[in-house]
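S.K.: Here's the letter readout for the chains.
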Amino acid sequence: MPVLSMKGVTHLYNKGTPSQSKAIDNINLDIEEGELVGIIGHTGSGKSTLVQHFNGILKPESGKIFVDGTDIWSSKKATREARFKVGLCFQYPEYQLFEETVYKDISFGPKNMGLNEEEIQKRVLLAAKYVGLQQELLEKSPFDLSGGEKRRAAIAGVIAMQPKVLILDEPTAGLDPVGRDKILDMIKAYREKTGSTVLLVSHSMEDVAKIATKVLVMNDAHIEMYGTVDEVYSHSEKLREIGLNIPQVSKVFEILNKKGLNLGSAYTVEKAAELILSKGGAAV
Amino acid sequence: MIKDITIGQYFNGKSVLHRLDARMKIILTVVFIVSIFLCQNFWSLGLMVLFTLMTVIVSGVPFKMVLRSIKPIAIIVTFTSLINIFYVRGGTSLVDWRFIHITTNGVFTALFMATRIVCLVVISSMLTYTTTPTMLTDAIEKLLSPLKIFKIPVSTLAMMMTLALRFIPTLVDEIDRITNAQKARGANLDDGNFVQRIKALVPIIVPLFVSSIRRAVELADAMDCRCYTGGPGRTRMKQMKFHLRDFASLFVILVLIAGIVVLNYYFGAVLVK
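Residue numbers (our numbering), protein chains in the order written: chain A, 8 to 291; chain B, 7 to 279.
Source of the hints: derived by calculation from the structure; they are not laboratory data.
Think of the CB as a built atom: it goes at the ideal place given N, C-alpha and C, for glycine as much as any other residue.
Among the hints, a few may not be true.
[To be verified] Using 35 Å as the maximum straight-line C-alpha spacing, the simulated DSBU-like pairs for lysine-lysine come out as follows:
(1) K205/B / K171/A
(2) K22/A / K189/B
(3) K66/A / K70/B
[What the hints assert, rightly or not] The following label-pair restraints were derived from C-beta to C-beta distances:
(4) S218/B / G250/A: 47 to 53 Å
(5) F69/B / K71/A: 31 to 37 Å
(6) K84/A / P68/B: 49 to 55 Å
(7) K84/A / I81/B: 56 to 62 Å
Using the sequences and the hints given, assemble the complete structure.
M.R.: Laid out in structure tokens, this is it:
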């Protein structure tokens, strides 16, 4: 049974006004447990709208959403359960920090779940460890942290709820390359350790290629493609058509292949190096 | 709830009302509001209602949007009407039962008040629907400029007003975003008693303040970078000019007032002293 599922979901913005528009249109989607799905698409393609349906932040105009097989809009209780089962971390999550200390802020989610002090403490410390926040930072005011630390503290606030599914909307936006890699490594490690399903919204094909097991391409309120990284990235023509750029290294490989080097395809620098070392020598 | 805010909302259009000079529109609105209170009988009041309806039709703003601006004041209108009905004395007695006394004067005052408030709100919302916030503040600056003799920093005040209006939609978006982020962490904003609900707002208000202050600092820096100093000597890209249609609209309002005076005189006052 898929952990997340959508049946014919449509969402309208500005309903009933002249600027009414379909943000997502008749979406059918199943996401299996344990996957790390990269969701890509250009600005305005409906990625963020899509993920905000999974925990009931947005209510669809029509269609049904299932988390763990339960229709999340069937009852008030089901909606609230979906909030905790699906942890959603918004874009620029550092703007949601509000408590006096980082520790208190991370414990906001677990507290809302009605857990006891002991359990809360356990979860906060574990979440801080996952995102790589040092113990001494926990007693600081969140407003005294650096940009990257704030971002990780906010993500910890969602992880501390120990959701079955973690959704991150553009977690690397506005970070420098080091901060970016830190977050991506953290997501990868988190998934490997907990075995939970992760959805990563991004417009960077490079980021997605680095860590995703599956890729979902959104275009103009529809799902354009959904499959493994290799399947999706092999359609480079189609991707370019809808305004997405395949990773730089893949472009280089495409050109090399055209020149008759037959190296196969690579989407990350590491994979490329590996391929060149193993096949490259023979081909040249 | 937040989406009901209609202040500063602009409805894009090309009607005569949109093209009128903003200064003239402000003056006309004030004159109109004063003249609503001149009405003494149903004939002159009817004329005002008719004029209000005409304004809405001419502006091309859909009735639905106009209704939305009345919605928030429905409670005030109902409340004042009820008080008027039960407390105003005079005229013929309609109901006289134990402690309840209703008179014709009470009912008429209630009707007058309700109509006046609705007309007032509709006409002022027509002003904001047909005038962009920038045009509006420019016009206010121009109208207040005589105050400069008294050393009142009119242009600075106008700039503050422009900025305040400019940031209403931004803040509404921000509130939406923060609310959603906290909801995703299980914040419960809809249930609980009064105290619990107030407490539940803390996770929204604190980040809102923090980001507003950050925004203000950034904005001030951006204005500094473009050498904004405010004060005298600043010129406008778009100069405001009065056209024939502006004087024509003034004439229409004057005719309207004349009409009210004539109707008042001809039919007499409806309230009995």
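S.K.: If a hint holds in the structure, say so; if it doesn't, say that too.
M.R.: Right, here's what the structure says about each hint:
no. : hint                        : in the structure
1   : K205/B / K171/A             : 29 Å, holds
2   : K22/A / K189/B              : 22 Å, holds
3   : K66/A / K70/B               : 24 Å, holds
4   : S218/B / G250/A: 47 to 53 Å : 34 Å, violated
5   : F69/B / K71/A: 31 to 37 Å   : 36 Å, holds
6   : K84/A / P68/B: 49 to 55 Å   : 40 Å, violated
7   : K84/A / I81/B: 56 to 62 Å   : 33 Å, violated
Checked against the numbered hints given earlier, the structure breaks hints 4, 6, 7 and satisfies all the rest.
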